[in-house]
Amino acid sequence: MIGGSKMLLLKNGKIFTMANSQVIYGDILINDGKIVDINSSINEPKAEIIDVSNHIVTPGFIDGHCHLGIVESGVGAVGNDMDEKSNTISPQLIVENGINTMDSSFEDAVKVGVTTVSIAPSESNVIGGKSCVFKTYGNNLDKRVVKSQSALNISIGDFVKRLNDVMVEMPRSRMAITYMARNFLQNAKKYYDETKNGNVDMKKYNEKYESVKSVFKKETKVEVCSHKAGFDTYIFHRRSYDRKSSR
Amino acid sequence: MLLLKNCNIFDSIKGKFFHGDILLEDKKIKNIRRNIIVNDLETKMIDIKENIVCPGFIDAHSHIGMWTLNEKGNDANECVKPLTPALRAIDGLNPHDEAFKDAYTSGITTAMICPGSGNAIGGQAAIIKTFGDSVEDMTIKSPAAMKIAFGENPKNVYSAQKKSPSSRMATAFLIEDMSNKAKMYYEEEKNGIQHEYDEDLEAFKPVFRGEIPLKIHAHRLDDIMTAIRIAEEFNLNYTLDHCTEGYLQADYIKDKNVPIMLGPLFSFATKVETKNASSESPAIFNDKGVLISLISDHPFTNCKFLPLYAGLLSRYGLDMIDALKALTINPAKALNIDDRLGSIEEGKDADLVVFNGEPLETTTKVLMTIVNGSIVYSDL
Chain E
17 MIGGSKMLLL
27 KNGKIFTMAN
37 SQVIYGDILI
47 NDGKIVDINS
57 SINEPKAEII
67 DVSNHIVTPG
77 FIDGHCHLGI
87 VESGVGAVGN
97 DMDEKSNTIS
107 PQLIVENGIN
117 TMDSSFEDAV
127 KVGVTTVSIA
137 PSESNVIGGK
147 SCVFKTYGNN
157 LDKRVVKSQS
167 ALNISIGDFV
177 KRLNDVMVEM
187 PRSRMAITYM
197 ARNFLQNAKK
207 YYDETKNGNV
217 DMKKYNEKYE
227 SVKSVFKKET
237 KVEVCSHKAG
247 FDTYIFHRRS
257 YDRKSSR
Chain V
202 MLLLKNCNIF
212 DSIKGKFFHG
222 DILLEDKKIK
232 NIRRNIIVND
242 LETKMIDIKE
252 NIVCPGFIDA
262 HSHIGMWTLN
272 EKGNDANECV
282 KPLTPALRAI
292 DGLNPHDEAF
302 KDAYTSGITT
312 AMICPGSGNA
322 IGGQAAIIKT
332 FGDSVEDMTI
342 KSPAAMKIAF
352 GENPKNVYSA
362 QKKSPSSRMA
372 TAFLIEDMSN
382 KAKMYYEEEK
392 NGIQHEYDED
402 LEAFKPVFRG
412 EIPLKIHAHR
422 LDDIMTAIRI
432 AEEFNLNYTL
442 DHCTEGYLQA
452 DYIKDKNVPI
462 MLGPLFSFAT
472 KVETKNASSE
482 SPAIFNDKGV
492 LISLISDHPF
502 TNCKFLPLYA
512 GLLSRYGLDM
522 IDALKALTIN
532 PAKALNIDDR
542 LGSIEEGKDA
552 DLVVFNGEPL
562 ETTTKVLMTI
572 VNGSIVYSDL
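Going line by line, the protein sequences match chains E and V. Just so we're aligned: 253 in this note's numbering is position 237 of the first sequence, and the numbers increase by one with no gaps anywhere. Just so we're aligned: 445 in this note's numbering is position 244 of the second sequence, and the numbers increase by one with no gaps anywhere.
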């Protein structure tokens with residue numbers, strides 16, 4: 017049976033727990049979506065048994081940065097919901113609002129062992145929005161979300177440059193990319209400090225600054241997409257704002 | 202002269218390995234047998250220590266040296282008009298592209314480079330070696346094929362410009378129309394009838410003379426069928442490149458008895474016409490006896506991953522020996538260069554690759570690459 021089983025017992029596996037370097041030979045009992053027991057021999061008459069003798073069992077693989085479902089396989093331009101090109105500072109965007117759970121890439125992921133992914137918005141904006149951690153299997157989008165707004169995506173590099181010679185706009189260089197990111201974060205921090213002890217009135221309300229409050233509360237990480245020298249710039253950012261960060 | 206002692210040699214024709222020494226002289230393979238002894242101070246001897254030696258790999262569909270995926274890095278598409286048969290791939294070739302080093306250090310010593318698929322008729326492909334200082338030095342044959350393209354690419358390019366072709370109908374019409382004119386031009390000339398020089402129609406002469414094939418870009422099954430229909434109408438030689446949905450009608454395509462070039466299969470389906478790409482397609486065609494070659498379409502799959510791609514196909518039913526053939530003797534036959542390349546035989550080009558394990562295994566490394574009898578890379 018695929019999906020939906022209440023109790024499942026995997027028998028006689030070679031288990032790579034990955035919690036340490038040990039390998040366990042034995043059984044895994046699963047109940048209601050969770051691992052409830054790992055032992056050399058488990059008996060549970062209520063469980064459906066699958067014999068995995070001579071096979072290796074690992075935790076589901078996790079892809080730490082991808083765009084599954086937000087850019088769909090075999091659909092072309094209409095399947096791209098990660099490139100909001102209208103404004104390069106777009107922290108208010110949330111990636112779950114563009115994920116198509118029916119994208120065939122999820123099926124491909126499940127087949128090769130990838131069960132959890134971190135889905136990021138496009139790297140073509142200085143601030144692209146917020147990524148989420150997501151399961152690759154399941155019908156219901158909400159149930160598949162492991163962690164919403166898990167990271168704010170900042171991108172430093174060639175992808176971000178607006179090199180259209182007809183519509184000349186910032187950023188066209190790494191100087192401007194970092195300037196824009198820094199400028200936004202400085203203003204957002206100021207807004208956060210000013211508003212954290214009281215209500216915001218309508219005159220001051222800013223949806224972009226609101227959307228990154230969780231970053232300053234250290235609930236949301238910053239994910240920096242950078243391929244080369246940009247990494248130094250990111251270190252600089254971290255020192256300036258003292259936030260959790262990844263990549 | 203260069204003498205390689207104690208090789209485990211891949212015979213790409215029989216699909217077997219055998220032990221022996223290989224003697225190279227004047228860019229060619231001079232002798233292959235057990236225990237070659239040369240009493241000559243000029244000859245350099247290298248002990249290969251029973252490592253595997255393969256013929257240099259051939260990437261039969263690539264844009265290496267013509268296209269890098271950065272700003273202004275595309276010299277393979279001249280999308281100002283849809284029919285540009287007079288353009289030559291070698292004129293867009295940068296011999297100093299860093300990708301060439303990736304190619305020969307991963308075992309690829311020969312590539313067919315071709316114009317892109319933005320135009321219905323893109324121009325003339327060439328066969329080159331991946332090591333050399335200049336275009337002249339590297340080129341084996343140019344022109345070596347006429348590149349034509351069906352499906353999404355030409356219609357997307359020109360519909361955005363509000364020009365024809367904006368539909369598959371128009372792409373087929375434009376290709377057919379130019380083929381008609383080119384045929385008339387060719388026949389007039391053959392019959393001694395004077396006409397004005399036309400650079401585009403001139404470029405088609407080797408196609409009608411049967412000297413070079415059409416190199417046909419087609420993904421969707423109906424595009425493949427349209428391509429076959431037009432090529433047969435003019436009785437032209439052709440290869441089916443990408444041929445992504447071809448496996449859905451593998452018997453029909455087998456009966457055409459033409460080479461097919463498959464790939465890239467491990468990349469994301471950015472287009473609708475590639476959504477049915479199947480990693481099982483090479484095995485399906487190979488089992489039916491179709492001449493398959495595996496291609497990188499560099500830069501769309503980095504050419505250095507072509508051997509890896511071939512190896513991973515074993516997961517989808519393609520035997521390792523058949524995958525090796527699809528990188529050596531098969532593309533040599535498909536490109537009509539099997540008199541010079543594609544196998545380790547006396548008289549052929551001295552293009553050899555030494556591996557420290559099974560050539561297509563993920564953990565295997567290239568120990569040495571030899572192009573035209575010279576060691577161009579060594580990690581021995």
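A couple of the hints might just be wrong.
[Unchecked claim] Here are the computed lysine to any residue pairs in the SDA-like style, where the Cα-Cα straight-line distance is at most 25 Å: (1) 476/V <-> 182/E; (2) 273/V <-> 182/E; (3) 472/V <-> 237/E; (4) 177/E <-> 469/V; (5) 127/E <-> 180/E; (6) 472/V <-> 64/E; (7) 476/V <-> 124/E; (8) 127/E <-> 473/V; (9) 282/V <-> 97/E; (10) 273/V <-> 180/E; (11) 127/E <-> 476/V; (12) 364/V <-> 243/E; (13) 101/E <-> 282/V; (14) 505/V <-> 101/E; (15) 472/V <-> 118/E; (16) 177/E <-> 237/E; (17) 476/V <-> 220/E; (18) 472/V <-> 81/E; (19) 505/V <-> 181/E; (20) 282/V <-> 156/E; (21) 472/V <-> 65/E; (22) 476/V <-> 120/E; (23) 364/V <-> 181/E.
It should be emphasised that the hints constitute simulated quantities derived from the structure, not laboratory data.
Here's how the hints hold up against the structure:
no.	hint	in the structure
1	476/V <-> 182/E	violated, 34 Å
2	273/V <-> 182/E	holds, 16 Å
3	472/V <-> 237/E	violated, 33 Å
4	177/E <-> 469/V	holds, 24 Å
5	127/E <-> 180/E	violated, 40 Å
6	472/V <-> 64/E	violated, 42 Å
7	476/V <-> 124/E	holds, 12 Å
8	127/E <-> 473/V	holds, 22 Å
9	282/V <-> 97/E	violated, 31 Å
10	273/V <-> 180/E	holds, 12 Å
11	127/E <-> 476/V	holds, 17 Å
12	364/V <-> 243/E	violated, 38 Å
13	101/E <-> 282/V	violated, 29 Å
14	505/V <-> 101/E	violated, 33 Å
15	472/V <-> 118/E	holds, 17 Å
16	177/E <-> 237/E	holds, 24 Å
17	476/V <-> 220/E	violated, 48 Å
18	472/V <-> 81/E	holds, 22 Å
19	505/V <-> 181/E	violated, 34 Å
20	282/V <-> 156/E	violated, 48 Å
21	472/V <-> 65/E	violated, 42 Å
22	476/V <-> 120/E	holds, 9 Å
23	364/V <-> 181/E	holds, 23 Å
Violation of the numbered hints given earlier is confined to hints 1, 3, 5, 6, 9, 12, 13, 14, 17, 19, 20 and 21; the remaining hints are satisfied by the structure.
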